[in-house]
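Residue numbers (this note's numbering), protein chains in the order written: chain A, 1 to 433; chain B, 1 to 250.
These are computed hints drawn from the structure, not numbers from a lab. Every residue gets a Cβ at the ideal spot worked out from N, C-alpha and C, and that includes glycine. Please note that the accuracy of each hint is not assured.
Quick partial rundown of chain A residues pointing at chain B, CB under 8 Å, derived from the structure [said to hold, decoys possible]:
#1 K3
#2 I14
#3 E92
#4 Y177
#5 L262
#6 Q265
#7 N429
One letter stands for each residue in the lines below.
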Amino acid sequence: MFKFFSGFRKEARILLRDKAGLTILFIMPMVLIIIMSLLQEFGYSSVTRESSIKVLFLDKDQDTLGLKIGKGLRESNFFVVVDSLDGKPLTEAIIEEAVKKGDYLIGIVIPEKVTQTIRTNVKIQVTKTLAGFGLYNPILINSLPEQKADTVTVFFDPTVKKTFKNAIVSAVKEFNYKIETEMVFKTFNQEMALVFPNYQPPPQDYQDMVVFKELFPTYKEKEEIPNSAQHNVPSWAVFAMFFIIIPFTSSMMIEREEGSLLRLQCMPVSFMNLLLSKVFVYMIVCFVQTILMMITGLYLLPLFNAVPLELGHQIGALIVVTIVIALAALGFGLMVGTVATTHQQAASFGAVSIIIMAALGGLFVPMYLMSDAMKGVAGLSPLNWALTAYYTIFLRGGGLLEVFPSIYKLILFFAISLIITFTYRTLKNPLNK
Amino acid sequence: MTVVPIIEIRELTKYYKGNDEPAIKALSLDIFPGEIFGLLGPNGAGKTTTISILCGLFPPTRGSVLIDGMDIRHDLDKIKHVIGVVPQDLALYPTLTALENLTFFGNMYGMKGTVLKERIQECLKEFGLEKVARKQINTYSGGMKRRVNLIAGLLHRPKVLFLDEPTVGIDVQSRIFILDYLQAINKTGTTIIYTSHYMEEAENLCTRVAIVDRGSIIALGKPGELLKERPELTNLENIFLHLTGRTLRD
């Protein structure tokens, strides 16, 4: 055992003396989390906080539809409505030019008299319906000319994603439908009152027939709305932990290339002992790295006006998951460091494989945006298992029992990596265990 | 009385993957306790392959090796306690001090506590490194690094010491010091197996040499005996060139 501790001391000293390496290991992931959280703050905070996507809005209508859309945009907490540029009132051409230049993402033009057109068309439709009951002369009614539907124009910057674009168009359509519905009821009541003088129209208090409730089912007692820190801290913690295979394999390759490993192989110490002492040191590094990232989420993000991380109450599960993820990452590192023949090979394969596994695992693009085939592939990535485990704790409030499926896969991955490492080594030199 | 060899090599053969020609061809050799044995040969002759097999770094394709009566195929762990290895590369951790390097390597040999501390102090003193023991290796000169490299291989007082080009790239003073030290520890009973490209050094240091070429021993004996057989060649270097030729080797 003292050989293990001696190896541990040696590794720890080498690591602690590499100040630049330590800075990269500990500071860079913190910086990454701050940057990514701030970049994505808008997307998540739109649920809870004010945001600032500027929308150019030209209301030529100045009637119900235009006013309601304008009011809706202002009250959505999602947009800042801009109705003039450089002190000049907006025109359709100015809006188109500003969006074309990329100065604004969205521009909405409500055409002149659009509400009046809706009103006229609704009235014709209601009158036609009542004519079906013999209340009007159908010949006369059918001869009434319907007005052609007006066009609400929405300009989009080409960089706007399809999902976001669809959300905007749906929101505008929704305002239109509401107004149309209100107008139908109102016109119907007015026409009925004309035909039946004793008809008492009900008070106009149009309300939604269906109310939508947004819930985020979790294992927690209290429901919490996920924020950017809740998403970013776990995903970048997983990425950083797996990226540790770069310095880890580098340390293995340096030992091999500088000849120290050769000397050690001539000494009465097992390969397993040497590697495990290295793994133990880097596991502590992973752990400290994760703690620093959590601290970043808890205390540094609020300093940048971002929502802080909610750590939750499953600290035990969090510790276990972090250790298991670190083991899986280092197991992979051991395998790469043993099988690779050169430093460059280990570094480039290590980096590229982690980026691929991260992309597949849903760290860069959420899994729900992937095709079914890619979702199947994503389920094979250890980074996906790791991320799922963290999300289960942070977003769903799950404990050890809930994260067990992920833990089990990560431990299996570590075991398989170890088996490959030692099998490969034994095949290369059956004498030296 | 028959002296039992400390190293017995029989029909040792090694093929590397993808090579039709063996790196070592049925090499047989006995090395006796107390010898300073020189394994000499041009590049690619099979010296490093032979030493690597003797140290257990990789297995032979055929043949057997006994070190101190133990078979490398079955008793490698025990063999590792009686051998010391000084690689040609400076197999040290540059950001650790000499003391930290030696403590770590001593621990790997199973040494610890006061025994190890005293042994390290003794070696550092003998090698003139006492005052710089707490400085990182990357601040040392080439000669100082070579000396630490040597100490790391003999801390545990091995019965057999393998040295691969121990004096490459160092100043004359360090070289003379190392050679003198090797002779001194040899007198205390350590068997030394040594490879070098410096023929004059080998001629002066070794009690016996083997000249290896293309995986086989082409000359074996005491340097004086080899010279007696070919008096016209005047020194070991001329014998070496006569046997291995002047053609450049890869």
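Hints, verified against the model:
Satisfaction of the interface hint for K3 of chain A is found here, the shortest Cβ-Cβ separation to chain B being roughly 6 Å, below the 8 Å cut-off. Taking 8 Å as the C-beta cut-off, the interface hint given for I14 of chain A holds, the closest approach to chain B being about 6 Å. Taking 8 Å as the C-beta cut-off, the interface hint given for E92 of chain A is violated, the closest approach to chain B being about 68 Å. Proximity of Y177 of chain A to chain B is violated relative to the hint, the smallest CB-CB distance being about 70 Å (cut-off 8 Å).
Taking 8 Å as the C-beta contact cut-off toward chain B, the hint placing L262 of chain A at the interface holds, the least distance being around 6 Å. A cut of 8 Å between beta carbons decides the hint on Q265 of chain A: the least distance to chain B is about 6 Å, and the hint holds. The interface hint given for N429 of chain A is met, as the beta carbon of that residue sits about 5 Å from the closest beta carbon of chain B, less than 8 Å.
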